[in-house]
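Read top to bottom, the protein sequences are chains U and P. Residues in the first sequence are numbered consecutively from 1, following this note's numbering. Residues in the second sequence are numbered consecutively from 1, following this note's numbering.
Keep in mind that the hints were calculated from the coordinates and are not lab data. Please note that a few of the clues may not be correct.
As the list claims (entries may be wrong) - With a straight-line cut-off of 25 Å between C-alpha atoms, the simulated DSS-like cross-links for lysine-lysine are:
1) U/K512 / U/K234
2) P/K113 / P/K172
3) U/K339 / P/K63
4) U/K234 / P/K113
5) U/K281 / P/K63
6) U/K234 / P/K108
7) U/K339 / U/K281
8) U/K512 / U/K110
9) U/K234 / P/K276
So the chains spell out like this:
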Amino acid sequence: MSVSDEPRNYLNVDYRFRSWLLTTDHKRIGILYMITVTLFFFVGGAAAVLFRLELMTPRGDLVLAETYNRLFTLHGVIMVWFFLIPSIPAVLGNFLLPLMIGAKDLAFPKLNLLSWYILIAGGLVTLWSIVAGGVDTGWTFYTPYSSTYANTNVIVMAVGIFISGFSSILTGLNFIVTTHTLRAPGMTWFRLPLFVWALYATSIIFVLATPVLAITLLLIAIERGLGIGIFDPKLGGDPLLFQHLFWFYSHPAVYIMVLPSMGVVSEIVPCFARNRIFGYKFIASASLAIASIGFLVWGHHMFVSGQSLYAGMVFSFMSMLVAIPSAVKVFNWTATLYKGSVSLETPMLYALGFIGLFTLGGLTGIFLAALGVDVHVHDTYFIVAHFHYIMVGGAVMGYLGGIHFWWPKMTGRMYPEWWGRLSAGIIFLGFNLTFFPQFVLGYLGMPRRVHEYVDGFQVLNVMSSAGASILGVGYLLPLAYLIWSLRYGRLAGPNPWQASGLEWETPSPPPKLNFPETPIVNHEAYEYQPVSISE
Amino acid sequence: MNEGFQLFPEQASTFASRVDALYFFLLLVAGFFTMLILASIVFLSLYYRRGAIRNRQRTHSQKAWILEFTWIAIPLVLVMVIFAWGADIYFDERAIPPNAIELRVVGKQWMWKIQHPQGRSEINELHIPLGRPVRLQMISEDVIHSFYVPEFRVKMDVLPGRYSSMWFEATKTGVYHLFCAEYCGTGHAAMEGSVHVMQPSDYAAWLAGGEQQPPVTAGQELFTRFRCNSCHFQDTQPRGPSLANLYEQPVRLSDGTVVTADDQYLRESILNPAAKVVAGFQSIMPTYQNQLSEEQIFQLIQYIKSLSTMPATTKEPAPLTQPVQPKPAEPGEIK
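The following block holds chain U by itself, in its conformation from the complex (with noise of 0.2 Å):
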């Protein structure tokens, strides 16, 4: 088929480099925003590697105890602010609210485009930091060593990361307007994809929490910059105001990265099970359960900073109560198993993936929230191991089988079925290979952030970095065929998982503005039959 005689799309109706760098339209903007976190990816995962690398012996021997500092740091804050935050929300989310509500783009389209820049522009400042230098504080800056006796460039990785919380707020809002104002008729709040309800419960935290990081940012620059006491007590501040301010924020931040990865299971799921989604109104009150409870348990990072007694038990509470809402989330994706016709394609290896690990990381997360417990292993690598479950295990496996899932969408093009396959087996099994001894490490008494540890720790870490490079490999692989794919890729036609939803009714990719006319829906969501495929 020549090019004159393709049907016009988003991605070929314009070709000039201009129309991509001033576009409006809300899925060229998610492509903008996927290479762009592809990118940031790779650069905190090198860092990962360095580091791995240096943990196969007890010894510091690669690299210096600064330098160290400096690729741990890199890795947390790149992973956390330019890819994980951003990743699903502003990836799969920009390319898919439209489509999936029956709208012909975003309710603030320039706004959006605002965005985008607004991220590159804090990761530029933020690379500057790192390249001209670095930052030896941890992604989690506490005072008063950031604030007062580091000797590396934290102001500038501040203000980077302080531009960047615009590029959140910004779509945020633009989310929460698009899903109260844009919605084709019929398309009822309960008949709406649980991906945009998970997308909606972000945004409000994205909106609520992103302030509160942005000014602690700006009190440790101004605390550096002008010596005036907030966090030092030496000038009269308070440590401990820091980690209240900061955690206030980064907590619900995590739920930032992984309720959106969750909508996308919601998607995967009930498409690959032929089925209806089992507990849609539960699945959507916990989304907003999450957002809401999150908001009230950051004290759980502060067992031991000198927090109250009383104010450890509130928290340590709270804690409990908030996973009982995404215990409801996997039994009913379970559930949704029951009675359906599964395939497993990759979208829905990735999703059960997920599913797996998150159980196992949400799980070792009462770990922590059980006060006796969390003494012990506070600040030590059962933490890593944790979070890792969680962001990793869960969050990245939904952010990869959401990319595979809506490939087809996005690009026109399928992937090649098996390397997607063989690649989440891959990532999968290096996966836990990484962080499963971490847990065994971090029980053993192994504290984060160190270049050298005790003989008696290195066969674990051996084990965790042999892991992480299989893990690398699986993340490679994706990279190189679903590039390949684009070229090469067997054509997908508008909907080649037979799923349901808005966006599977345009074509493949789909024109600039979504919907020749706005859809009429007079159908509930996940309208799935069993048997509706030939058995």
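Position chain P against the provided structure of chain U, taking the given hints into account.
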């Protein structure tokens, strides 16, 4: 110290077995639910795989609510049990026994300095007796550190500007790892040390072996050197409040509130005297910030604490010419 490969840390304190018991219960619960979900997914994916001839007729709705309620209620009960159990341990970890041996710890980039009340001090090593509660009162000279002994299952952050405390009772002799568990800069990994748990008689011998001065004596010397006695011990028109029998007693402040003269109060009053002015006195005390290290502040507080062993019938103590000595320990007795 066990330097070899281990999968589980030793239990060396009274807390260890309690924490481990909760941990094993959690492993059981987590293992059960993980296996349940894993097995369900594997079974359902296989049994209902595409192409398998199965009964897929769905009968619905009433049962769905019962199921949802059940799988909310059961986890809720479980997490509440876990909460209560964990809180119970935590509560006891924070309740310092009154007969604990009191040690003072200063954390700084990048070492631990530990002071025993009888005089010996150590760096990156902690010697304690078996079977006695030990309380560490800790402070940092710079950034936040965290004192962590994995085999005791306890840690506590060590903060600048504020005392934090932890306690433990060792149940097994041996040498155990001490780590700094709060990232504190370049030398964070180097803040590693050892805890030596000894038989009480060995500990007493070890205590007697040092050449260092008891902190209370050093505190008294500081008290004189920094002329504290010029305001705080005068027969007539004292410029500063009496420090005799002050320690851990209530103090009325000029704004009407009443606080307890604990370590934190005394430290603050030395470094920032204007923060809490005692009722009936002018705010004329100069600050000693940047003139005293945290260890010297510990020593001064030990001295002030020793002034509470004065019998209640004496008036204001005379300007000191004789040092006030605590009663020396009998052989074998541990203070």
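Do the hints match the structure? See the list:
1. U/K512 / U/K234: Since the Cα atoms of U/K512 and U/K234 sit roughly 59 Å apart, the hinted pair is violated (cutoff 25 Å).
2. P/K113 / P/K172: Distance ~23 Å between P/K113 and P/K172 Cα, so the pair holds.
3. U/K339 / P/K63: holds (15 Å)
4. U/K234 / P/K113: holds (20 Å)
5. U/K281 / P/K63: holds (15 Å)
6. U/K234 / P/K108: holds (14 Å)
7. U/K339 / U/K281: holds (20 Å)
8. U/K512 / U/K110: holds (15 Å)
9. U/K234 / P/K276: holds (17 Å)
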